[in-house]
Amino acid sequence: MKEVISRFSILPLTDDVEWLANEYTRYGAVPETYPEDAYHIAIAVINNLDFLLSWNFKHIVRRKTRDIVKMINTLNRFRQIEIMTPAELL
0 MKEVISRFSI
10 LPLTDDVEWL
20 ANEYTRYGAV
30 PETYPEDAYH
40 IAIAVINNLD
50 FLLSWNFKHI
60 VRRKTRDIVK
70 MINTLNRFRQ
80 IEIMTPAELL
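Note that numbering that gives the first Met the number 0 gives residue 80 to position 81 of the sequence shown, counting from 1, and the numbers run on in steps of one.
Just so you know, not all the hints are guaranteed correct.
[Stated by the list, open to error] Here are the simulated SDA-like cross-link-like pairs (lysine to any residue), alpha carbons at most 25 Å apart as the crow flies:
1) Lys1 / Glu22
2) Lys1 / Lys57
3) Lys69 / Lys1
4) Lys63 / Lys1
5) Lys63 / Tyr38
6) Lys1 / His58
7) Lys63 / Asn46
8) Lys57 / Arg78
9) Lys69 / Ile80
10) Lys57 / Tyr33
11) Lys57 / Gly27
12) Lys69 / Glu22
13) Lys57 / Glu35
14) Lys63 / Ile80
15) Lys63 / Phe7
16) Lys57 / Leu10
17) Lys63 / Trp18
18) Lys1 / Pro30
19) Lys1 / Trp18
20) Lys69 / Asn46
21) Lys69 / Leu88
No lab work stands behind these hints: they were computed from the structure. The structure displayed is predicted, hence computed values, not measured ones.
When you get a sec, could you build the whole thing from the sequences and use the hints?
Here it is as structure tokens:
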């Protein structure tokens, strides 16, 4: 397992990621007290991932977050991302 994980790419923390994460917290997609969750979403969006899978129902996989992320991404011309649980993907 360690060999497999060692081949994973580490996605960069860029100025765009920081800006987008701040927008997510600013507009209430993620509470300001949990910026790591906003960064989690922003890193996935900026790196053009199609899906973000999470079991975090409290701050990431919830209707409010999905709707606000979609709005912010649309207004700022970022591509959309599907936020869902692993079970939803199957």
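I'd like to know which numbered hints this structure contradicts. Please list them from smallest to largest.
Numbers 1, 2, 3, 4, 6, 15, 18, 19, in rising order.
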